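Undergrad: Residue numbers (this note's numbering), protein chains in the order written: chain A, 1 to 327; chain B, 1 to 160.
Simulated from the structure, these hints should not be mistaken for lab results. Owing to the predicted nature of the structure, the values given are computational and were not obtained by experimental measurement. C-beta: ideal position from N, C-alpha, C; glycine also. Worth double-checking, as some hints may not be accurate.
As the list claims (entries may be wrong) - Some but not every residue of chain A turned toward chain B, in silico, with C-beta under 7 Å:
1) GLY25
2) ILE32
3) VAL38
4) ASP41
5) LEU42
6) ALA54
7) ARG61
8) VAL200
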Amino acid sequence: MSAQLQATLCACVFIILCTTAGAVGTPVGTVIQNTATVTFDLAGTPVTLQSNVATITVVERIDVIVTRQSPQILVAPGDTGRAILFTVSNTGNGSEAFALAIDSLIGGDDFDPVPAVPAIYFDTDASGDFNIGDVAYNPGVNDPVLAADASQNFFIVNDIPALVVNSQIGFSQLTATALTGSGAPGTEYPGQGDGGVDAVIGTTGGEDADIGEYLVSDVVLNVVKSQLVSDPFGGTQPVPGATITYTVTVEVTSSGTATASVFSDLIPTYTSFVPASIALNALALTDAIDADAGEYDTAGAPRVVVRLGDLTQADGVQTVVFQVTID
Amino acid sequence: MKYLMSATLTLLLLSLPVAAQEQGSLNVMTTVQKEEVFVNDAGESETRLVPANTVVPGEAVIYTITFQNVGDEPAGNVVITNPIAETLSYVDGSAFGPGMQLQFSVDGGQNFAAANALTVEEDGTARPAGPADFTHIRWVMQNELAVNAMATARFTAVLK
């Protein structure tokens, strides 16, 4: 009879649809013509005439912006495959391909995360969560091509060294570089824009990077499970038909946050769950898998599941109670 | 001699539609330029105007309208009107023309007034017009344009 408690330190990810409307410039190839009109009187007779047509053609401006979407990611020492979400946005006015790169050796932090292999993934299913369907980025093979003003989400994935300690921070950076070229704003790439027009580097230099953060938060949880037996005869003997009331207390006893903590406890063999017996902090929870915080889950081995949410020391003791009967 | 002169005139007339148009008695030409920073012989950065054949979003272009009275009578009530293309946004305060009064339109060139006299309807209420609302610029010459006299009107806009 062992209480299982999974304090899942999970990356809460915001999905931000980055279509910065209006940020995009006038499309490549647009021709802008200007004609001035002059009117005047000549010996009392009004005359109107037009100037020549002054023409300018819009060429490609290459710009890119990388934006971190994930908040600070809470990690434990030795964690593997921890992802940070970024958005790469083509803020130029033409279609452009970009090369991506990860750098986890940047300064200013307490430790260096270790890039996984591969270390960069497309958010293929646009879920904002790093999962099995996400396709790895392979430089020169599947460089993302973004239309003007389009954006695409990517993950950079790192392992956390085993020898880090609580409250240490590690940085990891994603860089996107326009394949046509990058450099000082105003640098020209003749004939390399969309449709063979010139391309010009914009204010971003055709390259941008943003930094994600890992915070070591190895939360210490104090979990205590106790039981009270009540037999059909008014005693406390564990005989068939007796009811066992389990009380499990969970408490964070360190700094840090146990994010999205889930309590999960298997129903012991030779016992049966007592319907409608789950309570969290003296508040009854239904057995059904529904909107409340807990359920009796029979999908696999029967178990009681209660979601405790984000726990810190300030939340104090959380008490889960449920009952079984001895078969 | 006479034959030669006539040949020169024909040549001139042929080349005119490209560079400018000469009708009536005013010669009007529009040029569009942009600023370019270059390093001079002394190694200093300087700015110069170069033809703006190509531009990128965010870049400023300068339109210059030059007109000259090539007739033999003074021209009165000279008014230059220039539209601001939808893809351009007028740079506030950039329009100027010596000896000319500036007017703007916010309704596609139907009505013109001084910039601070224009309003725009927005959500049922009128607000003062801003440079983004201007659709046309108009330069109104205060005096007659004498024979052979030349004048210049100019404004700057940024490609959206």
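Undergrad: Does each hint hold? Answer for all of them.
TA: The hints, checked one at a time:
{"no.": "1", "hint": "GLY25", "verdict": "holds (2 Å)"}
{"no.": "2", "hint": "ILE32", "verdict": "holds (5 Å)"}
{"no.": "3", "hint": "VAL38", "verdict": "holds (5 Å)"}
{"no.": "4", "hint": "ASP41", "verdict": "holds (4 Å)"}
{"no.": "5", "hint": "LEU42", "verdict": "holds (6 Å)"}
{"no.": "6", "hint": "ALA54", "verdict": "holds (4 Å)"}
{"no.": "7", "hint": "ARG61", "verdict": "holds (4 Å)"}
{"no.": "8", "hint": "VAL200", "verdict": "holds (5 Å)"}
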